[in-house]
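Chemist: Chain residues, written in single-letter form:
Number of protein chains: 2
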Amino acid sequence: MVVGLYVIIVYDIMEKRVSKVCNFLRIYLNWIQNSVFEGEITEGKLEEIRIGLKNIIDKNEDSILIFTVSNKKWLNKEILGIEKAPISTII
Amino acid sequence: MVVGLYVIIVYDIMEKRVSKVCNFLRIYLNWIQNSVFEGEITEGKLEEIRIGLKNIIDKNEDSILIFTVSNKKWLNKEILGIEKAPISTII
Numbered sequence: 001m002v003v004g005l006y007v008i009i010v011y012d013i014m015e016k017r018v019s020k021v022c023n024f025l026r027i028y029l030n031w032i033q034n035s036v037f038e039g040e041i042t043e044g045k046l047e048e049i050r051i052g053l054k055n056i057i058d059k060n061e062d063s064i065l066i067f068t069v070s071n072k073k074w075l076n077k078e079i080l081g082i083e084k085a086p087i088s089t090i091i
Numbered sequence: 001m002v003v004g005l006y007v008i009i010v011y012d013i014m015e016k017r018v019s020k021v022c023n024f025l026r027i028y029l030n031w032i033q034n035s036v037f038e039g040e041i042t043e044g045k046l047e048e049i050r051i052g053l054k055n056i057i058d059k060n061e062d063s064i065l066i067f068t069v070s071n072k073k074w075l076n077k078e079i080l081g082i083e084k085a086p087i088s089t090i091i
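Chains as they are written, first to last, in the numbering used here: chain S, 1 to 91; chain B, 1 to 91.
Keep in mind that the hints were calculated from the coordinates and are not lab data.
Note that the structure is a prediction, hence the values are computed from the model and not measured.
Honestly, I wouldn't trust all of these hints.
Intra- or inter-copy, both count: the list cannot distinguish identical chains.
[As the list claims (entries may be wrong)] Cross-link-like lysine-lysine pairs, in silico, DSS-like; alpha carbons within 25 Å at most:
| hint | residue 1 | residue 2 |
| --- | --- | --- |
| 1 | Lys-45 | Lys-59 |
| 2 | Lys-84 | Lys-20 |
| 3 | Lys-72 | Lys-59 |
| 4 | Lys-16 | Lys-84 |
| 5 | Lys-54 | Lys-77 |
| 6 | Lys-59 | Lys-77 |
Chain S extracted, bound-state conformation:
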């Protein structure tokens, strides 16, 4: 088994590209909040995400943050208020 990375992606992109980015990230990760996706993924798939996002975004207008931890157990997640994506798994 390939040990996966745990990734959190937060995007701040122009309205006209939001649905494209969102639909692309859904292929790989779980949507957990407006503009936030997370999930366990291999380094190879993460590289596909980087390439895919670079093709979609305008690098002069959009900004995407990619946080990764090598082991999911190192990352703790809490939610205050409502959980926007109730089907997502709490770490």
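Fit chain B to the supplied structure of chain S, relying on the hints for placement.
Modeler: Leaving out everything else, chain B in the frame of chain S:
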């Protein structure tokens, strides 16, 4: 020296409370993108943040994600596109 947690906070809140949440989080953390703050912080200060945010938000309308890692070195950060907050330190 108290060893700090590294925290990422992403909020999805009603427009009318955005500036209040933003100004509150600025006291403790660095703004790195629309709706995203990060920084190194003690558990005590993080508890202050939790209490403060709970006082500001409407728990039926707003959602705040708090990710923490015990050691900053476990977390990797990349940016695709523009860096919205150029003064922030890249991990």
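Chemist: Pop the pair Lys-84 and Lys-20 into one bin, within, between, both or neither, using alpha-carbon distances up to 25 Å.
Modeler: Cα proximity of Lys-84 and Lys-20: in one copy and across copies (20 Å, 21 Å).
Chemist: When no copy is named, should Lys-72 and Lys-59 be tagged within, between, both, or neither for a Cα gap of at most 25 Å?
Modeler: neither (29 Å within a copy, 27 Å between copies)
Chemist: Check Lys-16 against Lys-84 for me: Cα-Cα at most 25 Å, and say if that holds within a copy, between copies, both or neither.
Modeler: both (22 Å within a copy, 19 Å between copies)
Chemist: How do Lys-45 and Lys-59 come out at 25 Å by Cα distance, when the copy is not named: within, between, both, or neither?
Modeler: within (21 Å within a copy, 35 Å between copies)
Chemist: Cα distance capped at 25 Å. Does Lys-59 pair with Lys-77 within a copy, between copies, both, or neither?
Modeler: Close across copies (17 Å), not inside one copy (29 Å); limit 25 Å.
Chemist: With identical chains treated as interchangeable, where does the CA-CA distance between Lys-54 and Lys-77 reach 25 Å or less: within a copy, between copies, both, or neither?
Modeler: Between copies, since 16 Å is at most 25 Å while 27 Å is not.
Comparing the model with each numbered hint stated earlier shows that hint 3 is the single one that does not hold.
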